[in-house]
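There are 2 protein chains.
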Amino acid sequence: MKKTSKEAQQLEMMGLLILFLLLSVFEIVHCKYMVYNTSQAISPNNNKLNVHLVPHTHDDVGWLKTLDQYYVGSNNSIQGACVQNVLDSLVSALLADKNRKFIYVEQAFFQRWWREQSEAIQHTVRQLVTSGQLEFINGGMCMHDEATTHYIDMIDQTTLGHRFIKEEFGVTPRVGWQIDPFGHSAVQACLLGAELGFDSLFFGRIDYQDRTKRKIEKSLEVIWQGSKSLGSSAQIFAGAFPENYEPPAGFYFEVNDASPIVQDDITLFDYNVQERVEDFVAAALSQANITRTNHIMWTMGTDFKYQYAHAWFRQMDKLIHYVNIDGRVNALYSTPSIYTDAKHATEQIWPLKTDDFFPYADRVNGYWTGYFTSRPALKRYVRMLSGYYLAVRQLEFFKGITRSSSSTDLLGDALAIAQHHDAVTGTEQQHVANDYSKRLSMGYVEAAELAASSLACLVEPSAFAGCENTTKFQQCPLLNISYCPPSEMDLSNGKNLIVVIYNALGWKREDVIRIPVMYEDIAVRDSAGRVLESQLVPLSDTHVSLRNYHVKAYLGQTPSKTPKYWLAFTASAPPLGFSTYTISRAKTTGAGSARSSIQLFQDSDRSTSFEVGHEHLKLIFSPEGGKLAQYVNHRSGVNESIQQSFSFYSGYNGSDEDPQASGAYAFRPNGTFAINPQKQGVTTVIRGPIIDEVHQMINPWIYQINRLHKGKEHVEVEFSVGPIPVDDGIGKEVVTQITTNLETNKTFYTDSNGRDFIQRIRDYRSDWDLKVNEPAAGNYYPINLGIYVKDNKKELSVLVDRAVGGSSLVDGQIELMLHRRLLRDDGKGVAEALNETVCIDTGQEMYSPFLLAFTEQDEDNWMSSHVPTFSAVESSYRLPDNVAIMTLQELTNKEVLLRLAHLYEIGEDKDLSVMSQVELKKLFRGKQIGKVVEMSLSGNQERSEMEKRRLVWKNGDGDGESKLTRGASVDPGELLVELAPMEIRTFVIQFDDIFIQQVGDGSTKVSVL
Amino acid sequence: MKKTSKEAQQLEMMGLLILFLLLSVFEIVHCKYMVYNTSQAISPNNNKLNVHLVPHTHDDVGWLKTLDQYYVGSNNSIQGACVQNVLDSLVSALLADKNRKFIYVEQAFFQRWWREQSEAIQHTVRQLVTSGQLEFINGGMCMHDEATTHYIDMIDQTTLGHRFIKEEFGVTPRVGWQIDPFGHSAVQACLLGAELGFDSLFFGRIDYQDRTKRKIEKSLEVIWQGSKSLGSSAQIFAGAFPENYEPPAGFYFEVNDASPIVQDDITLFDYNVQERVEDFVAAALSQANITRTNHIMWTMGTDFKYQYAHAWFRQMDKLIHYVNIDGRVNALYSTPSIYTDAKHATEQIWPLKTDDFFPYADRVNGYWTGYFTSRPALKRYVRMLSGYYLAVRQLEFFKGITRSSSSTDLLGDALAIAQHHDAVTGTEQQHVANDYSKRLSMGYVEAAELAASSLACLVEPSAFAGCENTTKFQQCPLLNISYCPPSEMDLSNGKNLIVVIYNALGWKREDVIRIPVMYEDIAVRDSAGRVLESQLVPLSDTHVSLRNYHVKAYLGQTPSKTPKYWLAFTASAPPLGFSTYTISRAKTTGAGSARSSIQLFQDSDRSTSFEVGHEHLKLIFSPEGGKLAQYVNHRSGVNESIQQSFSFYSGYNGSDEDPQASGAYAFRPNGTFAINPQKQGVTTVIRGPIIDEVHQMINPWIYQINRLHKGKEHVEVEFSVGPIPVDDGIGKEVVTQITTNLETNKTFYTDSNGRDFIQRIRDYRSDWDLKVNEPAAGNYYPINLGIYVKDNKKELSVLVDRAVGGSSLVDGQIELMLHRRLLRDDGKGVAEALNETVCIDTGQEMYSPFLLAFTEQDEDNWMSSHVPTFSAVESSYRLPDNVAIMTLQELTNKEVLLRLAHLYEIGEDKDLSVMSQVELKKLFRGKQIGKVVEMSLSGNQERSEMEKRRLVWKNGDGDGESKLTRGASVDPGELLVELAPMEIRTFVIQFDDIFIQQVGDGSTKVSVL
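Protein sequences, first through last, are from chains S and F. Numbering-wise, the first sequence is residues 1 to 1009 according to UniProt numbering. Numbering-wise, the second sequence is residues 1 to 1009 according to UniProt numbering.
Chain S extracted, bound-state conformation (with noise of 0.2 Å):
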């Protein structure tokens, strides 16, 4: 007689009752086929709220599988995830009914998908675009994370994908969609927004703080200047979503998802129209009271949805049919595009938003700001390849695209992808990270082939036809852990190693080289053949011990060699331009490289303070522990007490009653601890006439060089840390501080995607009353270039060579976070501490590095044989100091992509931060230039066009910046390029006469060299 039984009877009894009621409505009707009114457009009538149904999904490139694992849909036990599937099934899902929409986002699935298509399937889907059944989104091959991405990186992806929806279909997309990213950059809006052409960007997370004011105020949706120099010439409309990137609780249509079908057929139990309809109804008037104008979105999609594309359109017709047929509210299929042409037509005026949406979190202490720092070698190695990929497509074009018997496709494939916001950002499984650098090393392999070929063929003096083998130049990407065979070789017997040296920069350049050599009586002699100073710098055992065991695991065997030291000397080249270094056995004794003067200090050495450095900046360490005292620059007359540490914080593991731990994505610390160096530490300094480095053990895994180079007024610190030990239980964020006397009152800079800077303020935001819950991990910000702090006379600025988070926690302090957790041992960090005003030039240095090509030659006569020094521009000029190449890229055999940067911001710089000339007759020497056009920033669309057709959009706070923010048009005959302060200017220019002429009869006639 227990009471469940009795309940499981009753329910039975039950239902025999209510079949009496049922029966009466439903013996008429009988199912039949149904036509589904899903024409709906916007309503007329200004009172009605229109709910636009953007049926969407979210493909991640790469995640919890790889980029290929989800196309074809195999791992599956790890995410039930085929995009092949969407795509598939989307097609017949759209031809079953003309008002059906789709948008879709990631062109690398997409391109992989239409290269496998039919002609006929190709064919229905460019009328699907054409009738804007389907329309691209976004477009980049990837949706970029805005976080730990370089500019140059974000604009080369969106390209690649903007250019071939262009080509393939002829239209260009006017949303941007960054719907999950975590976090968004003021880059974004400007230059990934405005720039590209777009009229509106909408995104998914925002601070759960800001998130809760803004409903408040009907402010998730606002006009966005992300450039204080580009100004309302580079707003946007943008829109936070109110929750998610997902459809409201309850209206989820995916195969097998629980949310409630609409159960229409009067002859099946379970109908439910009213109750649907009311569901529908409900949410969208909760919604319709967060948001301005009578227009709401409703992202109808997530994750890898719309497997079964049929499954969620099928749901859709129904709700548009019946909601409409109840009338309260007006639902119909429609896209962001016309959404936002909706919003513009209603003529409300926005809110206005500067900056950025850093740092996100989506709860109490849920902070993402550990994915600025995660996989730091991944970041390293994605930026260490941005700068090749930039080289070695100008070195292309030097040499002609159509001779290429490889390109720069694969690697400009691999970083396309690994700016998707689970790429290099850290956050996606082990053997996804595995896959992006196996993408990348094949993308560098062709790349490198690439490089060497070209520079074969532009040392050959003369017969350029067929010079790609003459020369085998040889490259050394796994230079960072001393290995360099070719530098490496036997130069007995009167063998010369011939480097030549790439400079992809705008300007004449001067740097410090350093490469593992086996000798001790080495001599470097420049392309006249005059003996440079050069130094000797003993490769330390635990370098030594670096090399071996990772090109053990890198290339299986352990090296039968080991260099004894790293050759340095300073090299310069030529802008767009490369040098010759010739390098030899010394023929006679101190005729060769200065050796190094080596001093240890034991711990136990507590009274001896040192210094190091040449000419103006010195360094000065004291005593205790051989740690940083004070930084010396003579020539500005900064002596500044400095000092650097390290700690850690301990990540916390999550509780029942406060889950958040700190993982891949956010940063929770549980606690903050000093790593003090160990007592018995030895400070090794070296010193000699183009280096001096002071190498210090801090302990068993952090390992770290302070160097400073010759002629240059920076430092620069080398750190080598991990694996973190975790033998304890807890994962580390192993962070390290520079910490001066500034009065720097809470604030302090950081770049947007190494592009503005913006001010930070600790504890503070600009856009809400912060409420402080996570004092380290709220105050994180991403760092692609750099960090600084200043007060009224003194500036401390940190360059870093990857994406990092960073922080100033304490007045007068930069904190960086250099490593995470125990995932890897590969993590080293460099970064440069530095007082000068601007920090664009080293900026551009360190992302641009000289190209080093090696080759070698019995005899030596290397420097009359070939062509020793190269430059692509007119020998009298060079860019503007504040104008950079980003972009120099051959196209087709017609056409050359040409992008220009302005590195200075209004007001940065007296000097700098002014309008600037770029000269294109003198940039391109020997060639003549047919037609300039400029682009739009993916260089999809002519700018003029894109301008005429932006929407222009109303904010309550004034567009009364001057109107000098742009530089005029280009003028055909002067080909002069104005660029203002943060202008980037991208055009496609056409030459009559290219490199290399092709001529009929096969010979070619080269007409530079």
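Keep in mind that a hint or two might mislead.
One copy or any two copies: either way a pair holds, since identical chains are not told apart in the list.
[Said to hold, decoys possible] In silico DSS-like cross-links for lysine-lysine, where the CA-CA straight-line distance does not exceed 30 Å: (1) Lys32 to Lys98; (2) Lys894 to Lys948; (3) Lys166 to Lys32; (4) Lys894 to Lys32; (5) Lys472 to Lys954; (6) Lys495 to Lys948; (7) Lys927 to Lys495.
Hints are computed from structural coordinates only; laboratory data are not their basis. From a predicted model like this one, the values you see are computed outputs, not experimental measurements.
Given the structure of chain S, go ahead and fit chain F onto it with the hints provided.
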């Protein structure tokens, strides 16, 4: 320096290494549109293994979700399943490649989907069916259970599906496909296989010991003769799958399945064509090792798969393409029909299989014998309505189908799906069981309207038109809980209760009627006005409270009045006809019904034995606790000691080591416990001229009545069991044992779906050496009609009113499981113990009880103003004793479906196991038979065509039966139908002149009445 850290790091490094190897292979090929060769047919090479890929989905017609929920895909939180998706996505998947094939099984789903399709889709699907790409298999409304179903229900539900397929598509299914039912019956093989015209029958579940032996002997595929009587004339090629009905491991391709997809794009990573081909060949060869001939079948699908059909076909396309390029085996798209033809073409000789595949165990201790009894109330409801459905279709025919506003369609559909192997089996979720009940109840309501309106016409003496509403007949579906408002009417003021009693059998018949009445002075008169002997049996308190409780539960209110008595009298009715009785207040005292005598025996009255019974049959109860002690039949001379007892098995709950618990499917007892009558119990003995009853309250949840009817030579035992208490935390399976001294030598007999009887031997299987691990569960068999034991002198038979499980675990004893677990208290069981030689007649009467219809009349002239008796057959005619009408149903107003069944097996009875004859002319009184066409069992093809077409198979055990197993074809002049033992013959009969002639002027001419 933890190991995990190093491993992670090495992984990444290895990634970099691998790429160099890959690059050399992959650099040339690029992905593109690929056409797969899927056109492979059966190999002409007899030595080559053909792998028949049979794409299929298994769509339960209710289980964890209801039929409707499965169809539309709602309630996915319980189970992700949507049949609509399957059928929708299938169409385009089949259109995409004409070599692709698919089979569809469950017509309840298909019919629903079909009605919802546009004409264009219907046209397409017709073409797919015509071309053979889409083939209907099995073809009933559901895949019926084979243990707890009655053969008439199996045939009816198959007929509904088959006739729809024939009408819409003009095709007839060729293959039985019982892949999921939990054991397989002999009736399935002979009737629902061979007699349907099927060429083969496939299934997935047979005993694990049996399967092991069959694999070794390559005897999973056999020739199955399911009927001793029909022998080789009803044999069928039958195949048990090697494992289940799923694909080989690793070949599941539903969206999000984890099997490795075939990755053949050489430009992507994870290319695995050769690996997958190896997997395929290995799985094929492994299966070939246990299979005769060079053909094996892969069942490519499982429960509710193909929601996005393309996902499966994409992979199978690739597998066929690459496996055939490999060439070791021949892979092809196939269907069970193609496979069957291929098997047949080999001219292989197959092993012979007789009897059935019960019970089914999937592992040690895993006997699926619990569901024979699970949900006994649902099982009873199904059986009760099955008989009702048969009767109402007869009445519908008598009235004329075109004249009816209501029909039996709802009831037919509801009964059809209730035969599903997770419906009547009791293995569905509670809410789904409720859904089946609701449907059955709705079907009953409509059928009851039809029955009432038909009777209203049949009782009208002349004007047949417009008769429907002349008399309002009521029926009493809740008579089993003593609730019958029309019979409880107010009989004061000269009102009369008119009871029309319809007999659906082909013989005149007498039976005792019991209806509740309010009065003590009641007289019953027959149609001639003669007062009949009748008896008032007091309604026990137990039954009054059951009545009140359930009426409240069903109807929402407690009945205001409570009847005091059952009125019992013996009624008779002609074949396929009715008679009429009048019940009124007795005119004079003593002229009415006899009052019953009542005698109470306290448990303390241990000295007194007592006897009940009429005429020949007596039961003697022992003094101790009123236990049954002796069965005496004075006519047959039987005087047998007989005991009846109760016990329960405690359900095993499963453990980690041995997880097989007792549940809805499995019977896994953990012990057995006697249920002894409670000490203070009272035995009530009721005696009268019509009925004697012995009431015993065994314990608070078991109430039992032994009932003996005047003129009947069997004992009726009515059990009221439940709710079974589980407050001790132990599930219980309640059984009763009837124990005699018969020497039965481990042998007993159970029916197959209410048709043939099969010999069972305890702890023995004829097909293999049984290893006994469950002495009770492993000896349980399904019972639909009855179970008997016998020795050379006597026989003890128990007939049942619904499906139950039973056995003979001790010689001389029959055990029945009455109720299980704690699901409801509604578990009343009625069983009949008798010792007649055959139980056929009584079985027919139980299946087709009198249909009672009530109305009231103020005056006493019913018999003169209405037709008091009716029979559809000629007055001199009745069916032979060994033949029953299984179906009499008007299909259109010109055609009638008639099924006649011989009831006796060969050798069962010396007089009745002979060829019999039915005279159709006399069966249809007053009608002109135009054309008689003998059909297959499901009425979807002419029998002669079917016999010509059916494949003839060879078995190693010879086909030596006499050819006397079938009746001769029907002479169109004589119209005599011969029926051999166990033969069922199906006819479509066209009448030149139907029951009611439709005349042009709107009036009607009644040609019979």
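Tested hints:
no.	hint	in the structure
1	Lys32 to Lys98	both (22 Å within a copy, 28 Å between copies)
2	Lys894 to Lys948	within (27 Å within a copy, 77 Å between copies)
3	Lys166 to Lys32	between (44 Å within a copy, 20 Å between copies)
4	Lys894 to Lys32	between (61 Å within a copy, 28 Å between copies)
5	Lys472 to Lys954	neither (59 Å within a copy, 77 Å between copies)
6	Lys495 to Lys948	neither (63 Å within a copy, 95 Å between copies)
7	Lys927 to Lys495	neither (38 Å within a copy, 119 Å between copies)
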